[in-house]
Amino acid sequence: MTKPDQSHWVKDEFVLNCSACKVKFSMSVWRHHCRMCGEVYCGDCTQRSIPLPELGYPEKQKQRVCEACYTAKTESLADYASGKGRTTTSSTASFANPVERETIEGLKRLYRAGVKPLEVQFKFGEFYSPIMTDADFDAKPMVLLIGQYSVGKTSFIRYLVGRDFPGQRIGPEPTTDRFVIVAGNKIADSTIPGNALAVQADKPFRTLQKYGASFLDKLECAEVDTKKSAEILDYITFVDTPGVLSG
Numbered sequence: 028m029t030k031p032d033q034s035h036w037v038k039d040e041f042v043l044n045c046s047a048c049k050v051k052f053s054m055s056v057w058r059h060h061c062r063m064c065g066e067v068y069c070g071d072c073t074q075r076s077i078p079l080p081e082l083g084y085p086e087k088q089k090q091r092v093c094e095a096c097y098t099a100k101t102e103s104l105a106d107y108a109s110g111k112g113r114t115t116t117s118s119t120a121s122f123a124n125p126v127e128r129e130t131i132e133g134l135k136r137l138y139r140a141g142v143k144p145l146e147v148q149f150k151f152g153e154f155y156s157p158i159m160t161d162a163d164f165d166a167k168p169m170v171l172l173i174g175q176y177s178v179g180k181t182s183f184i185r186y187l188v189g190r191d192f193p194g195q196r197i198g199p200e201p202t203t204d205r206f207v208i209v210a211g212n213k214i215a216d217s218t219i220p221g222n223a224l225a226v227q228a229d230k231p232f233r234t235l236q237k238y239g240a241s242f243l244d245k246l247e248c249a250e251v252d253t254k255k256s257a258e259i260l261d262y263i264t265f266v267d268t269p270g271v272l273s274g
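Positions 28 to 274 (my numbering) are the ones given, in order, by the sequence shown.
Rather than coming from a laboratory, the hints here were simulated on the basis of the structure.
Please note: incorrect hints may appear among the correct ones.
[To be verified] Simulated pairs of lysine-lysine, DSSO-like, Cα-Cα distance not exceeding 30 Å:
| id | residue 1 | residue 2 |
| --- | --- | --- |
| 1 | K30 | K237 |
| 2 | K89 | K167 |
| 3 | K30 | K89 |
| 4 | K167 | K87 |
| 5 | K87 | K51 |
| 6 | K167 | K38 |
| 7 | K150 | K100 |
| 8 | K245 | K51 |
| 9 | K213 | K150 |
| 10 | K38 | K150 |
| 11 | K49 | K230 |
| 12 | K167 | K254 |
| 13 | K89 | K100 |
| 14 | K87 | K30 |
| 15 | K150 | K254 |
| 16 | K30 | K213 |
| 17 | K167 | K237 |
| 18 | K51 | K254 |
| 19 | K49 | K237 |
| 20 | K150 | K49 |
| 21 | K30 | K167 |
| 22 | K245 | K230 |
| 23 | K100 | K230 |
| 24 | K87 | K100 |
[Said to hold, decoys possible] Derived CB-CB ranges, DEER-like:
| id | residue 1 | residue 2 | range |
| --- | --- | --- | --- |
| 25 | L134 | Q88 | 28 to 34 Å |
| 26 | P31 | L137 | 21 to 27 Å |
| 27 | E86 | L137 | 21 to 27 Å |
| 28 | Q74 | Q175 | 50 to 56 Å |
The C-beta atom is built at its ideal place from N, Cα and C for all residues, glycine as well.
Please build the complete structure, drawing on both the sequences and the hints.
So this is what it looks like as structure tokens:
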């Protein structure tokens with residue numbers, strides 16, 4: 028009998044809130060893994076169950092899954108192609124273009140139903156690229172700026188954003204001593220430390236956990252409120268880097 032594959036499961040200690048409804052885990056609100064995607068949810072968000080023989084579980088035994096994986100597994104690709112039974116998750120509800128929104132949702136469904144089970148079965152994430160999550164599909168394109176100290180990387184980001192951003196450091200070398208992700212939100216300016224950023228289910232940075240605490244101490248996310256300015260961050264994310272020593 029094949030042992031069920033749990034290599035893609037997110038570690039309990041990394042998750043404080045349900046990946047779907049965001050309720051905080053406690054003695055009365057327990058953590059439950061979706062057997063298909065490996066994310067951690069509360070009991071209310073994992074009431075569905077489906078057989079998952081491709082992951083090593085008994086063929087006739089149903090396994091606990093989240094709502095998204097249940098929908099992806101049970102809704103046929105033919106139904107999706109004909110436009111039946113489509114649903115839109117909250118993560119893509121912010122896309123203004125309905126075609127873009129439906130495209131992202133379609134890619135998620137295709138990946139969950141056809142690609143992800145194979146990646147998990149053959150441990151693709153262990154020797155090539157990590158298993159993808161919804162946050163990877165929902166993420167904006169990222170631009171990584173690399174160069175020597177004091178060549179204007181941070182100043183260039185500030186120029187494109189149109190104003191200062193949280194944690195901005197501009198001056199003579201050495202100034203920027205960390206990786207700074209400059210992203211947009213619709214709430215308020217804020218800074219997220221690297222160790223917190225790497226465990227957020229709605230951010231595409233969870234795979235950075237493998238680089239350890241030393242790297243995460245040198246990582247932070249500067250979120251900029253785009254309601255009145257910095258509109259460019261609604262469409263793109265910048266990554267500022269420490270200066271490269273010349274010579």
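Hint check results:
no. : hint                     : result
1   : K30 <-> K237             : holds (25 Å)
2   : K89 <-> K167             : violated (36 Å)
3   : K30 <-> K89              : holds (15 Å)
4   : K167 <-> K87             : violated (40 Å)
5   : K87 <-> K51              : violated (33 Å)
6   : K167 <-> K38             : holds (26 Å)
7   : K150 <-> K100            : holds (20 Å)
8   : K245 <-> K51             : holds (27 Å)
9   : K213 <-> K150            : violated (37 Å)
10  : K38 <-> K150             : holds (17 Å)
11  : K49 <-> K230             : holds (14 Å)
12  : K167 <-> K254            : holds (17 Å)
13  : K89 <-> K100             : holds (12 Å)
14  : K87 <-> K30              : holds (15 Å)
15  : K150 <-> K254            : violated (42 Å)
16  : K30 <-> K213             : violated (44 Å)
17  : K167 <-> K237            : holds (22 Å)
18  : K51 <-> K254             : holds (28 Å)
19  : K49 <-> K237             : holds (24 Å)
20  : K150 <-> K49             : holds (29 Å)
21  : K30 <-> K167             : violated (37 Å)
22  : K245 <-> K230            : holds (17 Å)
23  : K100 <-> K230            : holds (24 Å)
24  : K87 <-> K100             : holds (15 Å)
25  : L134 <-> Q88: 28 to 34 Å : holds (30 Å)
26  : P31 <-> L137: 21 to 27 Å : holds (24 Å)
27  : E86 <-> L137: 21 to 27 Å : holds (24 Å)
28  : Q74 <-> Q175: 50 to 56 Å : holds (55 Å)
Of the numbered hints stated above, those contradicted by the structure are hints 2, 4, 5, 9, 15, 16 and 21, listed in ascending order.
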